[in-house]
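Since chain A is already given, all that's left is putting chain B on it; use the hints.
Residue numbers (my numbering), protein chains in the order written: chain A, 3 to 373; chain B, 3 to 373.
There could be a bad hint or two in this list.
Pairs count within a copy or across copies, as identical chains cannot be separated in the list.
Okay, derived cross-link-like pairs now, SDA-like style, lysine to any residue, Cα gap no bigger than 20 Å in a straight line [what the hints assert, rightly or not]:
1) K66 x E174
2) K182 x D170
3) K285 x E42
4) K285 x Q306
5) K66 x R339
6) K285 x A353
7) K182 x A37
8) K275 x G142
Hints are computed from structural coordinates only; laboratory data are not their basis. Being a predicted model, the structure only gives us computed values, none of them experimental.
Residues per chain are reported as follows:
Protein chains: 2
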Amino acid sequence: MTTPLPESPAPPEGSAQSLGYVQAFTQARLVEFLAARQEEAVRIGSQFAEVVAELSAFVLGSGKRVRPAFAWLGWLGAGGDAAGPSAGAVQRVCAALELLQAGLLAHDDIIDQSDLRRGEPSLHRRFEAQHGRERWLGHGARHGEALAILAGELAFVWADDLAAEGLDAVAEADRPAFRKAWSAMRSEVIGGQCLDVFAQASSDESEEAATRVIRWKTASYTVARPLELGGVLARADEALLTFYRRFGDDIGVAFQLQDDLLGVFGDPAVTGKPAGDDVREGKRTVLMALALSEARKAGTAQEQALRAAFGRDGDESVAEVVAMVDRLGARAHVRGRIELLRGRAAAALDAAQMPGEAKAGLAELAASLLS
Amino acid sequence: MTTPLPESPAPPEGSAQSLGYVQAFTQARLVEFLAARQEEAVRIGSQFAEVVAELSAFVLGSGKRVRPAFAWLGWLGAGGDAAGPSAGAVQRVCAALELLQAGLLAHDDIIDQSDLRRGEPSLHRRFEAQHGRERWLGHGARHGEALAILAGELAFVWADDLAAEGLDAVAEADRPAFRKAWSAMRSEVIGGQCLDVFAQASSDESEEAATRVIRWKTASYTVARPLELGGVLARADEALLTFYRRFGDDIGVAFQLQDDLLGVFGDPAVTGKPAGDDVREGKRTVLMALALSEARKAGTAQEQALRAAFGRDGDESVAEVVAMVDRLGARAHVRGRIELLRGRAAAALDAAQMPGEAKAGLAELAASLLS
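Isolated chain A (complex conformation) (with noise of 0.2 Å):
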């Protein structure tokens, strides 16, 4: 069965690829989806419609919205008519990345005790203001946590329902491949954060459990997966899929080394997190493993010194973790694999057999990304 759904503008001449035109279509569908939820809300009750408020408010305040705009020229690419009349049913599954991506956000940020998100509070925070507003009883961080937890919860589910909504609209053939890898994607991210959880916990130093926490968390949920859910809703041949799935592997593990660096040598201007945050917080990235094992090649004085400034607070220690990351050679290392990266993935988008549009679009996002 296809559901008749409210059709979609057409882009504007010569901006189908571009990511603005992503970020238009994402955010009304998701007021669209997010609208007829407001009314179901109200009907439970009238603090869960404040809390569905809260929720919306999250998801559409901010995000770049990267994972749509692959998903998107995924589907360009195979062949996708940005006009065409299955236009709509693509973008309702764009927006579903989305939602899932706050769900996971709202719940990271609880993990990681976190209180702002992209400048503005997080969302466990905002909970946590209204108890104070209130002057509520019991524990105002954890009530703020509870809801952040159930409306994450909610963002997960929605997720669901709105991908599905989609995904009706699609020819019935074209759904299970979508399925597989809509599903494939849910557990790989989530698998990748309990990779990192378990990274911090039992300090593992290791280049290969950072890579691998990279491949999952955010190669293949990022870029990846979702060129592949775009490629397959037009029937993407097995050698585009191909292509998506290594120039996904590479513009998203180049995107998180560049964010390793950006985490230790970053511009508070730019990044809008303290300088050297990751110093501070001891995060294990690729960049600290790298820098860990060329100090200890260097001898025991190195490491030591290395060992006993990451990872704690203050200007001095983060100072010194940056110049001897930058020293023992670390930050040249990961620049040339990010270089090479690119590389190769400028290459094979080169190669690949796609319509001109889509390839433009994909060259742009990726840049934008490395940038």
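Here is chain B on its own, set in the frame of chain A:
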């Protein structure tokens, strides 16, 4: 498209409607699904596979399978054939309800800071114990909660995957009604939990608030929606669905009211919880709402005494509240209400048009819940 599923063995003669049969096939379907996911998890990382193993033990270890039983009986009641070709699909949907329940419980135990679940360590405590055994870095309780949040996410998304697997094998025309009810059920139970969190925090004493929580957190989620989910898969007519809704609400509310009585008057040897557990926690139930309302009518001294003792730990306070709730007539009132609901549900069941076996199964299940 209809995906072939492994055949479901026919139930032993005359037992298709029994709770024992539901428990057996639910377990079998969960084992089969989780084994496949375990393989996938190994590919992502061995530590993730350990999380999956812990989650699997949690899901498979206990639980009465009440929700699967109502879904199954809803299906049989609408003419579903336990030995027919759709039985396997319906069993998957039933098992999906238990995965969803596991996710909700894992998160609920974090919210309530519960150490135990059905007499065994709660999921976050299991992960915390591993942290202790391995002498890992950081805060053990936080580590346990982090992994239980993530394991709960897995249970949520896998519940959707398993329901979708089942749904794939039913006629396409039956899917939209199923998905609508599945979606509403998930929003309702999460909504009911949000309302519960607010009621505790704002110490809302109204019977209305407590009734709303019961309705969404228990009645709809545990009985009415599962019956409907089973019903629509066998194309139940409007009359039967209306019966399911009313019967489900009545039995569901009665079940929760019974649970409220046990929370105050229950025998620890039977409930597995300390005597007067709800009193110690200051839990806002319909029973307590009624008691407070009666105390208010009885005058300031009574009201003050009840308020002073309610929510205070200590055997004397608990004994005082227990005696007052009884004396004020709240216990008798709630008992009367349970009887009323039970009687109304039984009469409606008597009059309902459904196969005799399913009817007997529903009567038995309702009786076992309210015994």
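Okay, the hints, checked on the actual structure:
1. With identical chains, the CA atoms of K66 and E174 are never at most 20 Å apart, being 31 Å at best within one copy and 36 Å at best between copies.
2. In the homo-oligomer, the alpha carbons of K182 and D170 lie at most 20 Å apart both inside one protomer (15 Å) and across protomers (13 Å), since each shortest distance falls under that limit.
3. In this homomeric assembly, K285 and E42 never come within 20 Å of each other (Cα to Cα): the closest approach is 41 Å inside a single copy and 27 Å across copies.
4. For the homomeric pair K285 and Q306, the shortest alpha-carbon distance inside one copy (17 Å) is at most 20 Å, but the shortest distance between copies (53 Å) is not.
5. Taking the shortest Cα distances, K66 and R339 never come within 20 Å of each other, neither inside one copy (25 Å) nor across copies (53 Å).
6. Taking identical chains as interchangeable, the C-alpha atoms of K285 and A353 are never at most 20 Å apart, the minima being 37 Å within one chain and 64 Å between chains.
7. For the identical chains of this complex, K182 and A37 are inter-copy neighbours only, at 16 Å across copies versus 29 Å inside a copy, given an alpha-carbon limit of 20 Å.
8. Proximity of K275 and G142 under a CA criterion of 20 Å is satisfied in neither setting, with 25 Å inside one chain copy and 27 Å between copies.
Consistency note: the structure conflicts with the earlier hints numbered 1, 3, 5, 6 and 8.
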